[in-house]
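Chains as they are written, first to last, in my numbering: chain W, 15 to 125; chain X, 7 to 120.
Simulated from the structure, these hints should not be mistaken for lab results. Where is the CB? At the ideal position from N, CA and C, for every residue including glycine. Hints may be right or wrong, so weigh each one.
[Stated by the list, open to error] Anything over 10 Å on all C-beta distances counts as not near chain W; from chain X, calculated:
| no. | residue |
| --- | --- |
| 1 | Lys-59 |
| 2 | Glu-75 |
| 3 | Val-120 |
[Said to hold, decoys possible] Cut-off 25 Å, straight-line C-alpha distance, at most; resulting in silico cross-link-like pairs (DSS-like, lysine-lysine):
| no. | chain 1 | residue 1 | chain 2 | residue 2 |
| --- | --- | --- | --- | --- |
| 4 | X | Lys-59 | X | Lys-24 |
| 5 | X | Lys-19 | W | Lys-56 |
| 6 | W | Lys-56 | X | Lys-9 |
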Amino acid sequence: QKEVEQNSGPLSVPEGAIASLNCTYSDRVSQSFFWYRQYSGKSPELIMSIYSNGDKEDGRFTAQLNRASQYISLLIRDSKLSDSATYLCAVNWNYGQNFVFGPGTRLSVLP
Amino acid sequence: DVKVTQSSRYLVKRTGEKVFLECVQDMDHENMFWYRQDPGLGLRLIYFSYDVKMKEKGDIPEGYSVSREKKERFSLILESASTNQTSMYLCASSPPGGSNYGYTFGSGTRLTVV
Numbered sequence: 015q016k017e018v019e020q021n022s023g024p025l026s027v028p029e030g031a032i033a034s035l036n037c038t039y040s041d042r043v044s045q046s047f048f049w050y051r052q053y054s055g056k057s058p059e060l061i062m063s064i065y066s067n068g069d070k071e072d073g074r075f076t077a078q079l080n081r082a083s084q085y086i087s088l089l090i091r092d093s094k095l096s097d098s099a100t101y102l103c104a105v106n107w108n109y110g111q112n113f114v115f116g117p118g119t120r121l122s123v124l125p
Numbered sequence: 007d008v009k010v011t012q013s014s015r016y017l018v019k020r021t022g023e024k025v026f027l028e029c030v031q032d033m034d035h036e037n038m039f040w041y042r043q044d045p046g047l048g049l050r051l052i053y054f055s056y057d058v059k060m061k062e063k064g065d066i067p068e069g070y071s072v073s074r075e076k077k078e079r080f081s082l083i084l085e086s087a088s089t090n091q092t093s094m095y096l097c098a099s100s101p102p103g104g105s106n107y108g109y110t111f112g113s114g115t116r117l118t119v120v
């Protein structure tokens, strides 16, 4: 059974700080990785994807992938109140069309 | 703006009823998916479809079936609703090679079975 794990949180950070969200996955035969943001009562929305080892930056967001450690992370710089949400990581295996999602980490940005 | 539309935002049904959840996408995507989301369990895949009239079981297909008669529409059917099917149901779509693009989700249907 392929699994994706995340700390459920809540992770609380002050406004303006860096939030670090982590995700591990169980199988090395993985292709692509995505981060989604989900506000309470809403559906997930795609933030960014990463396919290669290393860092990928998009505005205030940086995704990090370490295939050897089977670990991905999302850094949110200059956290804003509007970043308060649940963050889901999703992993695609074997070039299939579907993803396995982690349970999500709830982020709370405090004023 | 591209969209995945789910027909109902909230739905209350009785135990034993046959329930239809509809999903329509206007992006000409080949791939469509049905997930349910429950607290502490995350998103779990029920069924997906790569093409018209094609369907594949996901991780938790028991008690559900699907229909895809047209490319843009993917329906989830609860054959005989039970209280343990109370959940948020999310439809998603992606283009071929979806592993490179991720999903676009619908707004979700919160189903309560009483």
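Against the structure, the hints come out as follows:
Every beta carbon of chain W lies more than 10 Å from that of X/Lys-59, the smallest distance being close to 16 Å; the non-interface claim holds. Against the 10 Å criterion, X/Glu-75 stays outside the reach of chain W, whose nearest CB is about 20 Å from its own CB. Non-interface call for X/Val-120 relative to chain W: holds, since the shortest CB-CB distance, roughly 21 Å, exceeds 10 Å. Our distance criterion of 25 Å between C-alpha atoms is met by X/Lys-59 and X/Lys-24, whose separation comes to about 21 Å.
The suggested pairing of X/Lys-19 with W/Lys-56 holds, with an alpha-carbon distance near 21 Å, which does not exceed 25 Å. For the hint linking W/Lys-56 to X/Lys-9, the alpha-carbon distance of about 14 Å falls within 25 Å, and the restraint holds.
In this structure, none of the earlier numbered hints is contradicted; all agree with it.
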